[in-house]
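Can you make the complete structure from the sequences, with help from the hints?
2 protein chains.
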Amino acid sequence: MWCQSCREEYEEGDAGTCKECYEEASETEEELKREIEDLKAKIAFLRLCSPVDGAYSVSSSSTDLLLLHAAPLECSSAAFCPSPAVPAHRAVLISRSPVFKAMLENEMEESRSGMIKIHDVSYDVLRYFVHFLYTAEVLLDEQLACDLLVLAEKYQVKHLKAFCEKFMTSKVNNDNAIAHYAFAHRHNAKQLLEAALSLIMDNMATLTEREEYKELVEKDPRLVVEIYEAYLTRQVNTAAAKDLTLQP
Amino acid sequence: MWCQSCREEYEEGDAGTCKECYEEASETEEELKREIEDLKAKIAFLRLCSPVDGAYSVSSSSTDLLLLHAAPLECSSAAFCPSPAVPAHRAVLISRSPVFKAMLENEMEESRSGMIKIHDVSYDVLRYFVHFLYTAEVLLDEQLACDLLVLAEKYQVKHLKAFCEKFMTSKVNNDNAIAHYAFAHRHNAKQLLEAALSLIMDNMATLTEREEYKELVEKDPRLVVEIYEAYLTRQVNTAAAKDLTLQP
Numbered sequence: 001m002w003c004q005s006c007r008e009e010y011e012e013g014d015a016g017t018c019k020e021c022y023e024e025a026s027e028t029e030e031e032l033k034r035e036i037e038d039l040k041a042k043i044a045f046l047r048l049c050s051p052v053d054g055a056y057s058v059s060s061s062s063t064d065l066l067l068l069h070a071a072p073l074e075c076s077s078a079a080f081c082p083s084p085a086v087p088a089h090r091a092v093l094i095s096r097s098p099v100f101k102a103m104l105e106n107e108m109e110e111s112r113s114g115m116i117k118i119h120d121v122s123y124d125v126l127r128y129f130v131h132f133l134y135t136a137e138v139l140l141d142e143q144l145a146c147d148l149l150v151l152a153e154k155y156q157v158k159h160l161k162a163f164c165e166k167f168m169t170s171k172v173n174n175d176n177a178i179a180h181y182a183f184a185h186r187h188n189a190k191q192l193l194e195a196a197l198s199l200i201m202d203n204m205a206t207l208t209e210r211e212e213y214k215e216l217v218e219k220d221p222r223l224v225v226e227i228y229e230a231y232l233t234r235q236v237n238t239a240a241a242k243d244l245t246l247q248p
Numbered sequence: 001m002w003c004q005s006c007r008e009e010y011e012e013g014d015a016g017t018c019k020e021c022y023e024e025a026s027e028t029e030e031e032l033k034r035e036i037e038d039l040k041a042k043i044a045f046l047r048l049c050s051p052v053d054g055a056y057s058v059s060s061s062s063t064d065l066l067l068l069h070a071a072p073l074e075c076s077s078a079a080f081c082p083s084p085a086v087p088a089h090r091a092v093l094i095s096r097s098p099v100f101k102a103m104l105e106n107e108m109e110e111s112r113s114g115m116i117k118i119h120d121v122s123y124d125v126l127r128y129f130v131h132f133l134y135t136a137e138v139l140l141d142e143q144l145a146c147d148l149l150v151l152a153e154k155y156q157v158k159h160l161k162a163f164c165e166k167f168m169t170s171k172v173n174n175d176n177a178i179a180h181y182a183f184a185h186r187h188n189a190k191q192l193l194e195a196a197l198s199l200i201m202d203n204m205a206t207l208t209e210r211e212e213y214k215e216l217v218e219k220d221p222r223l224v225v226e227i228y229e230a231y232l233t234r235q236v237n238t239a240a241a242k243d244l245t246l247q248p
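In the order they appear, the protein sequences are chains A and B. For what it's worth, UniProt numbering labels the leading residue of the first sequence as 1, then goes sequentially. For what it's worth, UniProt numbering labels the leading residue of the second sequence as 1, then goes sequentially.
In case anyone wonders, no lab produced these hints; they're calculated from the structure. Some hints could be false.
One copy or two, either will do: identical chains are not told apart, so a pair holds if it fits within one copy or between any two.
Below, in silico cross-link-like pairs of lysine-lysine (DSS-like), each with a Cα-Cα straight-line distance of 30 Å or less [claimed, not checked]:
1) K166 x K101
2) K219 x K166
3) K42 x K117
4) K166 x K33
As structure tokens, then:
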């Protein structure tokens, strides 16, 4: 027989689908691709001009809010470093974050003054944060993903949190698994936590030699206990599964 | 052989794909579906609260612009009917329409006054228009699709125009084909034009009896000429194709 997809000959044992199902599947694929094109067009339409984009003229942008970053470590004299600020629109922040919404729709200090102080964040990270709120896009590296996930959690921007967590999960490796595990715990990042924990359990033999392990025992021994508990559960389950397959 | 998709038996002549291609296609479908989910989440994130939505409190919405509809037919005394107005944000209008962008970023009357008059449109249509600019969504009927397509063309909101045109194209039938053909001509709606023209050509026998045909001959005979030209081209092509298949 000849495969209608790859055009190569195959034996009866290597048969996949009948003609009808092959045609249906091709149609489905075409439909899904068309749907993707439609959705992409919608996204392009909904994306706003970012006020931190070079091409955007802030003078004419009618922003009605300033975000001030407060990064103690970067400032020599004061704990609060007010300049430069990132301009934004109330309407956008209200749409994107329930925390900003509560802040700006109720008569709070931030709403009256038109200024929001964002603590423990650098100017660059704040710019990327605002850019994402307007465009749903940002080019991540591992540090930026960490920083933005923390901000996203604080301001309940779920979509950004999921975006960063997905990126970080794809970057988990033996060297950073313990750090990512602890980070995921602190910030309720379940998907990242599972990926990191799984990798840690795959390398239990060398766990206790690692510097980050020793640090974690010092800082937060409960998290270490959870690693051992998960490992134990896995061992028990594996043993039970083995027993099951060995049964006559 | 057994089809891995529908689980039914089939003969050699009805073979579709080999096993490998079947598995690849299944994976591709899963990937496309995941991509669709991601895109939908992005759209949900990017969608803004609409200022014409009942759930939206305009008092706290920080809108900085009013759209005034001017529908002469609805107003008994004056040609311009200023009330009620639809509130909006400059930033959103600038992002969605190059016409609004030019209007609001240059020191034009509309930018200074914070008021934009939208002519020849009812209050309801204007509300739907603004709603779409914020959410990329609107529930269309045929009249609304016409009205919004006209507005979308005027303000160069391409995505809305395509949205309305797609809807109208799906609604073309024998009764409205001539009207839709003329409408599509006036508003450069190529897809709609082709669909309407194709249906008109499929029913040439009854064309000249139709009331809308007679009206079109009166109003815009050039459009009628174009119908006949297209019909002639189609006849010539069909004849040529027939000749080709009849050749030995």
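We went through each hint and held it up to the structure:
1. In this homomeric assembly, K166 and K101 come within 30 Å of each other (Cα to Cα) only inside a single copy, at 26 Å, whereas the closest approach across copies is 36 Å.
2. Taking identical chains as interchangeable, the C-alpha atoms of K219 and K166 lie at most 30 Å apart only when both belong to the same chain, with a minimum of 26 Å there against 60 Å between chains.
3. For a Cα distance limit of 30 Å, the shortest separation of K42 from K117 across copies, 27 Å, qualifies, whereas the shortest one inside one copy, 33 Å, does not.
4. Proximity of K166 to K33 under the C-alpha cut-off of 30 Å is found in both arrangements, the shortest distances being 23 Å within a copy and 17 Å between copies.
Against the hints set out earlier in the document, no violation occurs for any number.
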